[in-house]
Structure formats: structure tokens, C-alpha cells
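Residue strings, one per chain:
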Amino acid sequence: MTPNFGEVLTRADIPGLVDVARSVSGVSNAVGGSGGGLNDLEGILRLLERAVPLFEQAGATLMKMRAMDAQAPEQQQQVMVSTPTPPPPPAPSPGPTVIVAPKLSPIKVYSAALGALADLEKMDPELSIGAALKLARDYKDMILPMIEEKLPELLEDEPNA
Amino acid sequence: MLDIDLTNKSFVICGQKGTGKSWLIKSILDSTPNHIVYDPLSEHDGYRRYIPEDRDSQQELSDMIVGIVVPQRPSLFIIDEANKYILPKPSRLPRPGVADLLDFSRHYGVAWGCGMRRPVQVHSDVLELAAVVFAFQSSGKNDHGYYEDLHVGMGDAVRNLQDHQFVVLQGGKDLSIHAPVEMPRHPSYT
Numbered sequence: 066m067t068p069n070f071g072e073v074l075t076r077a078d079i080p081g082l083v084d085v086a087r088s089v090s091g092v093s094n095a096v097g098g099s100g101g102g103l104n105d106l107e108g109i110l111r112l113l114e115r116a117v118p119l120f121e122q123a124g125a126t127l128m129k130m131r132a133m134d135a136q137a138p139e140q141q142q143q144v145m146v147s148t149p150t151p152p153p154p155p156a157p158s159p160g161p162t163v164i165v166a167p168k169l170s171p172i173k174v175y176s177a178a179l180g181a182l183a184d185l186e187k188m189d190p191e192l193s194i195g196a197a198l199k200l201a202r203d204y205k206d207m208i209l210p211m212i213e214e215k216l217p218e219l220l221e222d223e224p225n226a
Numbered sequence: 020m021l022d023i024d025l026t027n028k029s030f031v032i033c034g035q036k037g038t039g040k041s042w043l044i045k046s047i048l049d050s051t052p053n054h055i056v057y058d059p060l061s062e063h064d065g066y067r068r069y070i071p072e073d074r075d076s077q078q079e080l081s082d083m084i085v086g087i088v089v090p091q092r093p094s095l096f097i098i099d100e101a102n103k104y105i106l107p108k109p110s111r112l113p114r115p116g117v118a119d120l121l122d123f124s125r126h127y128g129v130a131w132g133c134g135m136r137r138p139v140q141v142h143s144d145v146l147e148l149a150a151v152v153f154a155f156q157s158s159g160k161n162d163h164g165y166y167e168d169l170h171v172g173m174g175d176a177v178r179n180l181q182d183h184q185f186v187v188l189q190g191g192k193d194l195s196i197h198a199p200v201e202m203p204r205h206p207s208y209t
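Protein chains in written order, with our numbering: chain A, 66 to 226; chain B, 20 to 209.
There's no promise every hint is true.
Claimed, not checked - Quick list of the computed label-pair ranges, beta carbon to beta carbon:
{"no.": "1", "chain 1": "B", "residue 1": "201", "chain 2": "A", "residue 2": "71", "range": "18 to 24 Å"}
{"no.": "2", "chain 1": "B", "residue 1": "108", "chain 2": "A", "residue 2": "72", "range": "34 to 40 Å"}
{"no.": "3", "chain 1": "B", "residue 1": "51", "chain 2": "A", "residue 2": "78", "range": "18 to 24 Å"}
It is worth saying that the hints were derived from the structure and are not from the lab. On a predicted model such as this, the values are computed, not experimentally measured, just so you know. Cβ coordinates follow ideal geometry from the N, Cα and C atoms, glycine included.
If we strip away everything but chain B, and leave its shape as in the complex, we get (with noise of 0.2 Å):
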């Protein structure tokens, strides 16, 4: 189990496939049972999930979110692959949808968060004001600079990180390194 306590939070999780990401994923969504997870890749059997028709659509998130999470307000929300909706700039951010989860998230009382495989392919707005990134090994050369310029020493120690570890920064200055997450409950190797 984590030792991050994410209640209300927004954060991101970065890692390439196999790096341990999805694994990471389930154990943020075992932290509890009012959760919801939108799964374009069908990869969270056992949790509560959301699978959109149009696995690449914007305007499906927007709607799932304004339509379900808002009125619903689920403790814990995350959407995996956020890279198909959440196009880095000068894109702007899915309204309504995802700005009203960055502006509003805290006064819904629902922390969310975001899996993606690489910092770079999302909008700039939803690393830089989450409250807590976690990284999982990358050696890519942009990643490296972008990681760089969040924390001074944070490409450096993705770049060296064993596998399924991955680094944390929190508030943008406390910088850890974790040791890989246990056995989620529904693990499912994709």
C-alpha cells in the first residue's frame, strides 16, 4: 500500500508499457471502493470502471466526466491513457471535463489523477499543477529535460531507476524514490 496520501490531490503517473504504471493504478484504486477509472484499453477488470465507445474521442471524457463524476463525486477518479485526450499545448485543456477537474477537483471532495506514458504527450497545465507526479524508468531524452525542469535531480533519477521503482515528487520539492508497489488486487498483465 502507498504511503502518498492523495485525498483530494491531482497527480500523474508516467511509464512506458511494462514499466509497472498499471500496477500502480490498481493499488491507488484499491485505497478505496469509490473510485472510478476511465479505461479506454479495458485493462482494470475488477475495478470500477468506465469504457468508452470512442477510445480516442474528447468529447466522451468531457461528457463521462460532467455526466458521472461531477454529479457523482467518486473519492478517487483516474483516467488512464490521458495522452488520447489531454493533448499537450498549444491544445487547450477538454472544457468542460478536465479544466473543471484541475479548477474544481478540491471543492468536489475527488482526488484524480492521470496515467500516461510519457510527460511530454500531455498538456503542460496538468503536470505542473498536480500536487503529486510519480515516474517510472524512462531514458528518454526529452522526458529527461522535462523532468529536469519540474525538479532539479528528477531526470537523473528516472533515468536510473531500477524496474517497477519509480520516483515521487510531492509539491513540487519533495523528491523520493519508492520501491515497487505490492500485488494490486485485481492484477491483470497487460
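The shape of chain A in the complex, shown without the other chains (with noise of 0.2 Å):
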């Protein structure tokens, strides 16, 4: 295109707008002309209310394809199973680890509890049973480690349990 000194440019210059533009509003002269704001959104409106029943349709069959994508890998192994040379056996692996939860005495934990709380004697001869027990919920964070401290025995001990 040549361009051309003093050329005046206007609306009607946008071809390609203004078809998309009528197809849209299915109206002429919609773009630009006056009145033509209503008629482009009935238009849009228009075009909205046949188009929101097609994009739940596609959603729906977006969804069965995902299900279906869901089930694939079971598919998949079936077909394996199915077929005549079966795959090598997986390469032997050590045999599990099972970790067996340490077996401990709730008497002895307790008893070295009381054992921990027997020091208290020694500060005050005349604690009462309230006020060691209060003192024994304050002072868990001290009367914790202590047990941990005694663990090793505990478990030790733990055949005689």
C-alpha cells in the first residue's frame, strides 16, 4: 500500500472489524451507526445464550474424557497381563524392613515417673499429694527427660516385663 500524504482514515477503514462486528450483532451498520450500542448487545446476548449450552456440552465431554483418562493405566495393565510372554520378574529386592515398635512397661514408666517425683521429698518434706501433682504437670518438661534418661534400663528390663 502506498501511503498517501493528507489521507484522512476513519472507522469505516477497519474492514475487518466491522464484519466481525455484524456477524455478530446480525445487524448492518451496527458499528458506528446510532442506536447501534443496543443492537450489538442483543447481539452479544443473542450469541451468549447459544453458545453457554455448547461450552457445557463440551465440559461434560471434557469430563467423561478425563474419567476415561483415569481408568487408562488399569486398562493398560490388563493388556499386559494378557499377554503371552510375561514380563521378567522384578529383580529380587532385600527383604523388608520391619521396624517392630519397642515393647516398654507402662508400670515401669510409671514407676520411674514416681521414682523422679521421689526427689521432690527432698525439697519439701511436706508436699501434698494436690500440690505434687500440680507440680508434676508444670514440671513435665523436666519430668520427661528424666524418663528418657532412665529409658535404656526400661527397655532392658522389658523381657522380665
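Make the complex out of the two chains shown on their own, each in a separate frame, by following the hints.
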């Protein structure tokens, strides 16, 4: 296109957009004409009205496809089982390491806790039961480490528990 | 004639009425016949210009850029009175249209610029991403602060300009003061 000095361009020189706007609104002279704005709006609403069910349908199809995708690995496994040459057995792996929770006698733990509390006698010989329990609750952060310290002894004694 | 290469660059021209902004725009338009100026106030008689039906419509500017500038790819495109369309943050840049020019004009082979009265009136991305900023005399406090943020000393330089002189900031670092441009081919006194 040869540029032309002094040429004046207007909205009419945007042909593509005018065509698109006309197809959307379904009316001629929809762009730039007086009162064209409402016609545009009506056209867009009509288009939306037609498009929404299509979007819903597309969404439903998409969901179905996703559900099929989710089932796909299971189906693939079935195919592998039915093949005449079974896949080589997996390399032997070392036996599973079973971690057995140590057994502790609750009574011994409780005794240890009481043993820790026995030191309180040295601090206050006239300590009441209520005050002792309150102290035990308040100082559980101290008592629990004491029990933890004695834990090896408790574990060693475990068979006799 | 300006001795500044604007090929494939973006630029802004800031100036109040009567400072010389329009003459500078015309001088830049004189640099190539392959230009289009978005001319909402019908100031650029004699140049290849687009006169919007609705001079306050962002949509029409976007349509024009998408429908004319991008397909025709003129060497030079100038939006005069850009502050009507490219509003300051937190408004978004008009998309499609201005935002695409900001992102892709270099690839389109289009130099593009915006004429505006004051820098604070437009989206800061346009100024901050511009390769060249032309600024005419302004004593506004906000303008001074804005120019100082762009480049230390620019606000003071703009404040102390003589009639029709202008400051040019290139690449965010090179600041210079220029004498008034010569009369363009198609001057129209606004």
C-alpha cells in the first residue's frame, strides 16, 4: 500500500472489525451508527445464549474424557497380563525391613516417673498430694527427660516385664 | 529535522498546549511518509491521519490498532492526546491494541509514540518502557517529581526550559536539551 500524505482514515477503514461486529450483532450498520450500541448488546446476548449450552456440553465431554484417562492405567495393566510373554520378574529386592515398636511396661514407666517425683521429698517434705500432682503437671518438661534418660534401663528390663 | 533515531522504538512526547508538542509531532511525522497519526482533535491536517468517530473511545483506538496499524505496519504510528485512552494505573493498558504495541511493535517494525499533556496522566508502563521521552516546559509539581524519578535532574531541566525548547531522555540515561524544532511541512496553529 502506498502511503498517501493528507489521507484521512476513519472507522470505515477497519473492514475486518466491521464485518466481525456485523456477524455478531446480526444487523447491518451496527458499528458507528446511532443506536447501534443496543443492537450490539442484543446480538452479543443472543450469541451468549447460543454459546452457553455448547460450553456446558463441551465441559461434560471433557469430564468424561478425564474419567476415561483416570481408568486408562488399569486397562493398560490388564493388557500386559494377557500378553503371551510375561514381563521378566522384578529383580529380587532385599527383604522388607520391619521396624518393631519397642515394648515398654507402662508400670515401669510410671514407677520411673514416681521415682523422679521422689526427689521432690528432698525439696519439700510436707508436700501434699494435690501440690505434687500440680507440680508434676507443671514440670512435665523436666520429668519426661528424666524418664527418657532411664529409657535404656527400661528397655533392657523389657523381657522381664 | 530531529537528529534522533526513532526506528522501531517507542517514544512519548509530553507538553501542555502551546509548548511546541504538536510541532514536534509533525516534525517526526515528516521523517517518513509511511506514517499514521491518531488525531482525535483533528490537528494534523496534511498528514496521514485517523480521525476517530468517538474521540473518547478506548475501544475505537484498540480497533484501529488491530484493524489498521498491525496489518499495514506503518514505519511510524503516533497517538496524539494519548492521555484520553491510556489511563494511569491502576487502569489496565487497552488490550488488544496499545498493550500489543508495547510488547510487539519492535517485531512489527513500527516506531510508535504517544503525545500527551502531562506524564502523570498516562499509564506509567508507557513512559517507563519508552526508548525516548520528549518533555516540554512544565512547572507542575507532580510532573517535576515524575521526571525526577525517570532521571535525576530531568525535572529541574524541564522546569527551566525556554519557550519551545524540550528535553530528551534516551534509553533512560542520556539527558539532553534541544532547541525548538523547525517549522514542519504542514504546520497548523492550535
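| message | 18 to 24 Å was suggested as the range; check whether the CB atoms of residue 51 of chain B and residue 78 of chain A agree with it. | response | holds, 20 Å
| said: Given the hint of 34 to 40 Å, is the C-beta distance from residue 108 of chain B to residue 72 of chain A inside that range or not? | reply: holds, 35 Å
| message | Just to be sure I understand the hint, the distance between the Cβ atoms of residue 201 of chain B and residue 71 of chain A should be within 18 to 24 Å; is that true here? | response | holds, 20 Å
The earlier numbered hints are all upheld by this structure, with none contradicted.
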